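**Student:** Sequence:
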Amino acid sequence: MAVVVKKLVNILPNDAAITVELEFDTLLLCTYKIQVREKNSNQVIFSKSGDNSNDEEDKYVIGIAKKSDGKTVWIFFTVIDQTGEGGKYEVRALFKQNGKLIDDGILSSGIRSIAPGENLQSGALVAILKTI
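Heads up, the sequence shown is in numbering that gives the first Met the number 0, so the first residue is 0 and it goes up one at a time.
In short, the hints are calculated from the structure, not lab data. Since we're looking at a predicted model, the values are computed, not measured. Virtual Cβ for every residue (Gly too), placed ideally from N, Cα, C. Heads up, a few of these hints could be off.
Claimed, not checked - Straight line, CA to CA, 25 Å or less: simulated BS3-like cross-link-like pairs of lysine-lysine: (1) Lys87 with Lys129; (2) Lys6 with Lys58; (3) Lys99 with Lys38; (4) Lys95 with Lys65; (5) Lys66 with Lys32; (6) Lys99 with Lys47; (7) Lys32 with Lys58; (8) Lys6 with Lys65.
What the hints assert, rightly or not - Computed beta-carbon distance windows for the label pairs: (9) Lys5 with Ser52: 26 to 36 Å; (10) Leu100 with Lys32: 18 to 28 Å; (11) Asp50 with Lys5: 21 to 31 Å; (12) Val4 with Lys58: 12 to 22 Å; (13) Phe45 with Glu84: 31 to 41 Å.
Produce the entire structure from the sequences given, and follow the hints as far as they go.
**Tutor:** Next up, the structure:
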């Protein structure tokens, strides 16, 4: 079952970088795709994909704060049970401005098992960046 979370992320209108970091608390395989879209548009201006095999690669600068008002950040993810043994999992997104945490949230968590290679959980986070 797909899970979709929508949230508003407040940012200060300055020259600081906005970053998004994904954290995975699991031994299961997780894949993801991050997209930043223009305000009131489906036009993708930034896109990256990856997995949870290397924590250092799951951190991205997605824009400058004063130019990001109204843009949306889409994070699509899938948790895959490679062996069918299942396990615990938690997927989190952290939004930072100038290196300081401004918002975070759990995208999905649980403990389950299904057939090997099948998707255990998939979903998306849609975050709207809003200057305050």
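**Student:** Now look at each hint and say whether the structure bears it out.
**Tutor:** Hint check:
no.	hint	in the structure
1	Lys87 with Lys129	violated (33 Å)
2	Lys6 with Lys58	holds (19 Å)
3	Lys99 with Lys38	holds (24 Å)
4	Lys95 with Lys65	holds (14 Å)
5	Lys66 with Lys32	holds (22 Å)
6	Lys99 with Lys47	holds (22 Å)
7	Lys32 with Lys58	holds (12 Å)
8	Lys6 with Lys65	holds (19 Å)
9	Lys5 with Ser52: 26 to 36 Å	holds (28 Å)
10	Leu100 with Lys32: 18 to 28 Å	holds (23 Å)
11	Asp50 with Lys5: 21 to 31 Å	holds (24 Å)
12	Val4 with Lys58: 12 to 22 Å	holds (20 Å)
13	Phe45 with Glu84: 31 to 41 Å	holds (36 Å)
When each numbered hint is compared with the structure, a violation occurs for hint 1 only.
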